[in-house]
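Student: Residues per chain are reported as follows:
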Amino acid sequence: MTPLLQVENLAKFYGPRIGCTDVSLDLYPGEVMGIVGESGSGKSTLLNCLAGHLTPDRGAVRFDTRADGLRDTVTMSEPERRMLSRTDWAFVHQHARDGLRMNVSAGGNVGERLMAVNARHYGAIRDEAIDWLGRVEITEDRIDDRPTAFSGGMQQRLQIARNLVTGPRLVFMDEPTGGLDVSVQARLLDLLRSLVREMNLSAIIVTHDLAVVRLLADRLMVMKDGHVIETGLTDQVLDDPQHAYTQLLVSSVLQV
Amino acid sequence: MSDYNFAYLDEQTKRMIRRAILKGLAIPGYQVPFASREMPMPYGWGTGGVQVSAAVLTPEDTLKVIDQGADDTTNAVSIRRFFEKTAGVQVTEATTDASVIQTRHRIPEQDLRADQILVYQVPIPEPLRFLEPSEVETRKMHSLEEYGLMHVKLYEDISQHGDIATAYAYPVKVEGRYVMDPSPIPKFDNPKLEMAGIQLFGAGREQRIYAIPPYTQVVSLDFDDYPFQASKADHACDLCGAKDSYLDELIVDDQGGRVFMCSDTDYCSTRRAQGHVGAQGSPIQEDAA
Numbered sequence: 001m002t003p004l005l006q007v008e009n010l011a012k013f014y015g016p017r018i019g020c021t022d023v024s025l026d027l028y029p030g031e032v033m034g035i036v037g038e039s040g041s042g043k044s045t046l047l048n049c050l051a052g053h054l055t056p057d058r059g060a061v062r063f064d065t066r067a068d069g070l071r072d073t074v075t076m077s078e079p080e081r082r083m084l085s086r087t088d089w090a091f092v093h094q095h096a097r098d099g100l101r102m103n104v105s106a107g108g109n110v111g112e113r114l115m116a117v118n119a120r121h122y123g124a125i126r127d128e129a130i131d132w133l134g135r136v137e138i139t140e141d142r143i144d145d146r147p148t149a150f151s152g153g154m155q156q157r158l159q160i161a162r163n164l165v166t167g168p169r170l171v172f173m174d175e176p177t178g179g180l181d182v183s184v185q186a187r188l189l190d191l192l193r194s195l196v197r198e199m200n201l202s203a204i205i206v207t208h209d210l211a212v213v214r215l216l217a218d219r220l221m222v223m224k225d226g227h228v229i230e231t232g233l234t235d236q237v238l239d240d241p242q243h244a245y246t247q248l249l250v251s252s253v254l255q256v
Numbered sequence: 257m258s259d260y261n262f263a264y265l266d267e268q269t270k271r272m273i274r275r276a277i278l279k280g281l282a283i284p285g286y287q288v289p290f291a292s293r294e295m296p297m298p299y300g301w302g303t304g305g306v307q308v309s310a311a312v313l314t315p316e317d318t319l320k321v322i323d324q325g326a327d328d329t330t331n332a333v334s335i336r337r338f339f340e341k342t343a344g345v346q347v348t349e350a351t352t353d354a355s356v357i358q359t360r361h362r363i364p365e366q367d368l369r370a371d372q373i374l375v376y377q378v379p380i381p382e383p384l385r386f387l388e389p390s391e392v393e394t395r396k397m398h399s400l401e402e403y404g405l406m407h408v409k410l411y412e413d414i415s416q417h418g419d420i421a422t423a424y425a426y427p428v429k430v431e432g433r434y435v436m437d438p439s440p441i442p443k444f445d446n447p448k449l450e451m452a453g454i455q456l457f458g459a460g461r462e463q464r465i466y467a468i469p470p471y472t473q474v475v476s477l478d479f480d481d482y483p484f485q486a487s488k489a490d491h492a493c494d495l496c497g498a499k500d501s502y503l504d505e506l507i508v509d510d511q512g513g514r515v516f517m518c519s520d521t522d523y524c525s526t527r528r529a530q531g532h533v534g535a536q537g538s539p540i541q542e543d544a545a
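Protein chains in written order, with this note's numbering: chain P, 1 to 256; chain W, 257 to 545.
Using C-beta positions, here's what the derived DEER-type ranges look like:
#: 1; chain 1: P; residue 1: 198; chain 2: W; residue 2: 512; range: 53 to 61 Å
#: 2; chain 1: P; residue 1: 186; chain 2: W; residue 2: 424; range: 43 to 51 Å
#: 3; chain 1: W; residue 1: 392; chain 2: P; residue 2: 75; range: 19 to 27 Å
#: 4; chain 1: P; residue 1: 121; chain 2: W; residue 2: 400; range: 21 to 29 Å
#: 5; chain 1: W; residue 1: 392; chain 2: P; residue 2: 186; range: 33 to 41 Å
#: 6; chain 1: P; residue 1: 77; chain 2: W; residue 2: 530; range: 58 to 66 Å
#: 7; chain 1: P; residue 1: 17; chain 2: W; residue 2: 392; range: 24 to 32 Å
#: 8; chain 1: W; residue 1: 352; chain 2: P; residue 2: 118; range: 40 to 48 Å
#: 9; chain 1: P; residue 1: 75; chain 2: W; residue 2: 480; range: 36 to 44 Å
#: 10; chain 1: W; residue 1: 388; chain 2: P; residue 2: 145; range: 20 to 28 Å
#: 11; chain 1: W; residue 1: 385; chain 2: P; residue 2: 75; range: 27 to 35 Å
#: 12; chain 1: W; residue 1: 480; chain 2: P; residue 2: 198; range: 26 to 34 Å
It is worth saying that the hints were derived from the structure and are not from the lab. Even glycine gets a Cβ: it sits at the ideal position worked out from N, Cα and C.
Between the sequences and the hints, there should be enough to build the whole structure, so can you do that?
Tutor: Rendered as structure tokens:
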């Protein structure tokens, strides 16, 4: 089986400082991988390198493209990479404001990716937008409201709808539940889990919330100071942490 | 005449602007940066158009300047006088007699010929600007032909107003490649962008020049189920009776009385001279008195 995403010895430096280094991973179709670690451990740097927002200094990120199989996204041309990022990839930002157009209605936000891939039928775009708003539990009568009129949880759900509307195969998520209260978080996680299963999505989720990865991720990667210090199945890593830092991380979670 | 170089700008500046114009003609719809000069008028009054006109004028040219279709408004009169004074060229109000026409907000109703140049004054050349504030990003979108965002604007129009409410500065795609802002002309004029004359666009403050060569394909963006429509007031000109020209609506009294008249003053007066009379018009001889 070909991996959907294959990362080999990826490194990114900020001057003399390490962003992340020596990262290798294989992500298979339908698999969800969690990346956990403390702030400054290089999780977001890694995610941004994978999604093409940052150019890594070393290494390869190979994606299984529909047309030509595995291609290195670092060396492919920018138009090709941007094409991927609005069709086969999706990126869910921590702050919905970074991923949404705040001065465009909800329907326009969802429709933008469709129009970017040359959908030119207003009625069809709108139907698709209504369908997707429904899937993320936003009622149809909110379709012409701007995201500024939405609550934080709704904005985040709208961002997810906007990203998934073109049927991507790989979703990058950067702290998707950050800044939301726990009950909203729970519903969002529920929603994400069902969407991931329904659409057979592959996802890479960066978070520092272990509950999120416990629920969503099949496999887990623990990072510290730019290095990967432990990988394995989620339950295995969380229930039987081997590295001292992972043990600290797992034991730091408050038990209610 | 000895006080100014021909057409105000020095020769080096005109060469620089001509290079930008030639590049713009070579890449239809592409915004070419140029080193816009200070002109003796405020930004927003046509500094870009004036620089382009200055660069293309020759002593043999006949210049016409229109503002919102009219030859006799402040902006048009002052720019016409400016070139009379600094270039000593012939000026005219007749579209057919002009070889260079500088315009703001309109394309003349009379079809232009291959030996005529139409120069537009452009306030904001970037069609994506109000949706994407970053210049770096919009340039990238142009270079990679990512124009989905332009349709988001039209989508918003339909979702809010039930129809494409954009009535002026209606975005077009030039020669199947660049999306371009045709300057704030009414969308009624969009079909006329495919013409025999050369069209040059100058934005002084934004320092951009772009161009449409003769007979270039210019397509107004739309949706399959909401096709582009060149709209105008559903009325005939009250002065000359023309049904095919773009109309201005004037409130003429306190009782809500209104008059529709051609925005293209030369077109209107030419028709009236030929004897056409609209609903509220009078034959032209009496008007002249």
